[in-house]
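Q: Sequence:
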Amino acid sequence: MVAAAIRTVFAQPTAQTVRDQLTTIAAMLGRQFPPVERMLIEAADDITAFADFPHQHWKKIWSTNPLERLNREIKRRSDVVGVFPNPAALARLAGAVLAEHHDEWQVSDRRYLSEGSMAQLADLA
53 MVAAAIRTVF AQPTAQTVRD QLTTIAAMLG RQFPPVERML IEAADDITAF
103 ADFPHQHWKK IWSTNPLERL NREIKRRSDV VGVFPNPAAL ARLAGAVLAE
153 HHDEWQVSDR RYLSEGSMAQ LADLA
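Mind the numbering: the sequence shown is residues 53 to 177 in the numbering used here, read in order.
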């Protein structure tokens with residue numbers, strides 16, 4: 053119930069309705085779960101930060117899927133090694149995976165955010 057209610061915040065069409073919906077949900081949940089209301093109010097700026105960007109960016113900003121995919125890749129590579137002699141060895145492997153991923157993004161024809169929508173960010177600044 054709580055997760056479904058909070059998801060309605062991300063389904064709003066405008067930045068103002070996102071903030072209004074978060075306030076509404078916090079008040080609604082506060083009747084039954086006061087700690088949840090406090091947490092939502094304290095984290096409101098973080099929860100609604102995506103709404104300050106162009107609407108085309110919202111889904112990619114609020115989603116953690118790319119980060120989770122990258123973490124799974126690091127875990128997969130570290131599982132192959134098994135035991136690391138020291139923390140620095142793990143850091144080197146994770147750094148190599150991240151560098152490889154960065155290089156792939158640099159040469160890729162696909163853009164995570166389109167050039168047109170990125171131009172809108174320059175207009176906002």
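Simulated from the structure, these hints should not be mistaken for laboratory data.
Treat the hints with caution; some may be incorrect.
As the list claims (entries may be wrong) - Across the chosen pairs, the derived CB separations fall in these ranges:
no., residue 1, residue 2, range
1, Phe85, Leu150, 35 to 43 angstroms
2, Phe85, Glu152, 38 to 46 angstroms
3, Lys111, Met91, 36 to 44 angstroms
4, Thr60, His153, 42 to 50 angstroms
What the hints assert, rightly or not - With a cut-off of at most 20 angstroms between alpha-carbon atoms, the simulated EDC-like pairs for lysine to aspartate or glutamate come out as follows:
no., residue 1, residue 2
5, Lys127, Asp98
6, Lys111, Asp97
7, Lys111, Glu152
8, Lys112, Asp98
9, Lys127, Asp97
10, Lys127, Asp175
11, Lys111, Asp131
12, Lys127, Glu167
13, Lys112, Asp131
14, Lys111, Glu167
15, Lys127, Asp161
Model, not experiment: these values are computed from the prediction.
Using N, Cα and C, we set each Cβ at its ideal position, and we do this for glycine too.
Q: Each of the hints needs a verdict: does it hold here or not?
A: Okay, the hints, checked on the actual structure:
Between Phe85 and Leu150 the beta carbons are some 38 angstroms apart, a value that agrees with the proposed interval 35 to 43 angstroms. Roughly 43 angstroms separates the CB atoms of Phe85 and Glu152, a value that falls within the hinted 38 to 46 angstroms. Taking 36 to 44 angstroms as the suggested C-beta distance range, the pair Lys111 and Met91 does not conform, at roughly 24 angstroms. Between Thr60 and His153 the C-beta distance comes to about 33 angstroms, which lies outside the given range of 42 to 50 angstroms.
The straight-line distance between the Cα atoms of Lys127 and Asp98 is roughly 27 angstroms, outside the 20 angstroms bound, and the hint therefore fails. A threshold of 20 angstroms between alpha carbons decides the hint, and for Lys111 with Asp97 the separation of about 17 angstroms falls inside it, so the pair holds. Under the criterion of a C-alpha separation no larger than 20 angstroms, the hint pairing Lys111 with Glu152 is inconsistent with the structure, at around 25 angstroms. As the CA atoms of Lys112 and Asp98 are separated by approximately 15 angstroms, the hinted pair is consistent with the 20 angstroms bound.
For the hint pairing Lys127 with Asp97, the CA-to-CA distance comes to about 31 angstroms; that exceeds 20 angstroms, so the pair is violated. Taking the CA atoms of Lys127 and Asp175, the gap is near 39 angstroms; set against the 20 angstroms cutoff, the hint is violated. Straight-line distance between C-alpha atoms of Lys111 and Asp131 comes to about 31 angstroms, which puts the hinted pair past the 20 angstroms bound. For the given pair, Lys127 sits about 32 angstroms from Glu167 by alpha-carbon distance, which is inconsistent with the 20 angstroms threshold.
Proximity of Lys112 to Asp131 is assessed by CA-CA distance (about 29 angstroms); at most 20 angstroms being required, the pair is judged violated. Of the supplied pair hints, the one linking Lys111 and Glu167 holds, its CA atoms being roughly 16 angstroms apart against a limit of 20 angstroms. Taken as a hint, the Lys127 and Asp161 pair is broken in the structure, with Cα atoms around 27 angstroms apart against an allowance of 20 angstroms.
The structure fails to meet hints 3, 4, 5, 7, 9, 10, 11, 12, 13, 15 from the earlier list, while all remaining hints are met.
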